[in-house]
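J.: Position chain H relative to chain S; hints supplied.
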Amino acid sequence: MLLKNFNVLVVDDVVLMCDFLYGVAKKVPGCYAFKALDGKTAAETLENEAIDLLITDIEMKGPTGLELIYRVRSGSFASTSHDIPIIIFSGNAYLELIQQSISYDVNDFLAKPITADQLIRKIQHHLQTEKQIKSAAHYLALNSDFSAKTTVPDENRKVSVAIVRELNPKAEAEAVDTDTSGKKADEKDFLFWPEHATTGYFQIDRRLRNFAFNISCFHNVFVGNCKPVAIESERKRACEACDYLFHIAKNIRHKERRQQFWLLFNQRLEKLKPLAAELNSVNIKHHSQVLLLLKRLSYWWMQTCNRPIIQKNDDDGAEHG
Amino acid sequence: MADTATLPVLDLNMLIAMYGDGSAETIILALSGFRREAAHYVQQLQDAGQHNVTTDNALADTARLCHSLKSMCGLVGAAKLMQLCMILEQAARQHDLTTLQSERLKLAEVWPELLSQLDLILLQHGYVDV
Numbered sequence: 041m042l043l044k045n046f047n048v049l050v051v052d053d054v055v056l057m058c059d060f061l062y063g064v065a066k067k068v069p070g071c072y073a074f075k076a077l078d079g080k081t082a083a084e085t086l087e088n089e090a091i092d093l094l095i096t097d098i099e100m101k102g103p104t105g106l107e108l109i110y111r112v113r114s115g116s117f118a119s120t121s122h123d124i125p126i127i128i129f130s131g132n133a134y135l136e137l138i139q140q141s142i143s144y145d146v147n148d149f150l151a152k153p154i155t156a157d158q159l160i161r162k163i164q165h166h167l168q169t170e171k172q173i174k175s176a177a178h179y180l181a182l183n184s185d186f187s188a189k190t191t192v193p194d195e196n197r198k199v200s201v202a203i204v205r206e207l208n209p210k211a212e213a214e215a216v217d218t219d220t221s222g223k224k225a226d227e228k229d230f231l232f233w234p235e236h237a238t239t240g241y242f243q244i245d246r247r248l249r250n251f252a253f254n255i256s257c258f259h260n261v262f263v264g265n266c267k268p269v270a271i272e273s274e275r276k277r278a279c280e281a282c283d284y285l286f287h288i289a290k291n292i293r294h295k296e297r298r299q300q301f302w303l304l305f306n307q308r309l310e311k312l313k314p315l316a317a318e319l320n321s322v323n324i325k326h327h328s329q330v331l332l333l334l335k336r337l338s339y340w341w342m343q344t345c346n347r348p349i350i351q352k353n354d355d356d357g358a359e360h361g
Numbered sequence: 107m108a109d110t111a112t113l114p115v116l117d118l119n120m121l122i123a124m125y126g127d128g129s130a131e132t133i134i135l136a137l138s139g140f141r142r143e144a145a146h147y148v149q150q151l152q153d154a155g156q157h158n159v160t161t162d163n164a165l166a167d168t169a170r171l172c173h174s175l176k177s178m179c180g181l182v183g184a185a186k187l188m189q190l191c192m193i194l195e196q197a198a199r200q201h202d203l204t205t206l207q208s209e210r211l212k213l214a215e216v217w218p219e220l221l222s223q224l225d226l227i228l229l230q231h232g233y234v235d236v
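Same order as they appear, the protein sequences are chains S and H.
Residue numbers for the first sequence follow this note's numbering, beginning at 41 and rising by one.
Residue numbers for the second sequence follow this note's numbering, beginning at 107 and rising by one.
Only chain S is shown next, with the shape it has when bound in the complex (with noise of 0.2 Å):
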């Protein structure tokens, strides 16, 4: 049994086929599924949506699965994490399509047909069991052909603020090189991931920026005086980001080994905590209560995101907790 809710995105071009993917995936218990007939569609659940797992087929008109793929492990999506577990499911397994499959780290590939309960058994499988997947710019390097073909231009994207910052260590290198002044002041602006952050890190990442993107919704809907259901709909959507950062935090640190890291990382994880709780009950009608919430927020993410975690040294570039 999953202990949370999940969301299932398939994806096939053909309508009995999707129907009967959309089928299987919703009887899993703690999954919501997404259903997508075309490469376009999917692209957008993927964009509005966080999506946890992607079934897809491979041979599809407009984006194929494969380029669904591309994009997804090169973290084009805003609200969908690019290290979700991927599943292909196709009818043929061409040695070049498998290649390029493992090169994208699909996590497994079904050969069709497949039974309800086999499939029901892999979707369990991979939304129980973390592989390790590469940073996004890892895959964006590996094939820049999709992308000059497919990527959503940077007007369209809705997360435009990324509050850590992935560093390339030559890049990073250069940028030290150029500032003599003052590039500890610059460092100090931003939580450094260690340079060979597994996906776990990244991960946080992602989480620590959906729930930002999210929160930054539920105000702007809630200060326009939106509808009641949509401030509704926003402020579960902040909850449930709340909720995945614990979830992803708690899994990683039962892995990791890095006390010191943790250490400091769940302080301020406690802090958020009651306001996590409070965000879910609070009364929307209660304008000042909301605002006074909102404002509690912004505090623990300047107290959390202003203060770096993980500090380099300055002989090696080594970084430590």
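Calculated directly from the structure, the hints in this document are not laboratory data.
Take the hints with a grain of salt, since some may be wrong.
[To be verified] What follows is a list of derived Cβ distance ranges for each label pair:
| no. | chain 1 | residue 1 | chain 2 | residue 2 | range |
| --- | --- | --- | --- | --- | --- |
| 1 | S | Phe149 | H | Glu219 | 32 to 40 Å |
| 2 | S | Asp157 | H | Glu219 | 27 to 35 Å |
| 3 | S | His294 | H | Gly232 | 29 to 37 Å |
| 4 | S | Gln172 | H | Ile134 | 43 to 51 Å |
| 5 | S | His165 | H | Leu113 | 45 to 53 Å |
| 6 | S | Lys66 | H | Ala145 | 20 to 28 Å |
| 7 | H | Asp127 | S | Arg293 | 38 to 46 Å |
| 8 | S | Lys80 | H | Asp225 | 33 to 41 Å |
| 9 | S | Phe149 | H | Asp117 | 20 to 28 Å |
Glycine residues also receive a C-beta, built at the ideal position from the N, C-alpha and C atoms.
T.: Chain H alone, transformed into the frame defined by chain S:
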């Protein structure tokens, strides 16, 4: 590859195994959906055969249509048509026009046979809109 003639036209056990559910509701939903969608694909394949266009794009389209139809057949247990689609897809991908042309003619035989089986089973399960 198995001989098309020896395969069952429609294997209901396959459908039940795939969906994990043998209720009349599921069977009707799957078969009526298949009937509706597959008819469209078969029509397109037959049209492409009549126009006899052999450009790379046309062959790629044929391969894609056969691929999709094959998947659908596998889901509902339409074994005979699935086998035929497999042959057609392979021929289209390999630009084997002779096989493509001769096998495509079999659609006129396999599809009506499947259609009558579909209608029969749908009626047996209480679906009246056939």
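J.: Now look at each hint and say whether the structure bears it out.
T.: For each hint, the structure was consulted:
no.	hint	result
1	Phe149/S with Glu219/H: 32 to 40 Å	holds (34 Å)
2	Asp157/S with Glu219/H: 27 to 35 Å	holds (30 Å)
3	His294/S with Gly232/H: 29 to 37 Å	violated (53 Å)
4	Gln172/S with Ile134/H: 43 to 51 Å	holds (45 Å)
5	His165/S with Leu113/H: 45 to 53 Å	violated (33 Å)
6	Lys66/S with Ala145/H: 20 to 28 Å	holds (27 Å)
7	Asp127/H with Arg293/S: 38 to 46 Å	holds (41 Å)
8	Lys80/S with Asp225/H: 33 to 41 Å	holds (35 Å)
9	Phe149/S with Asp117/H: 20 to 28 Å	holds (26 Å)
Taken one by one, the earlier hints fail for this structure at numbers 3, 5, listed in ascending order.
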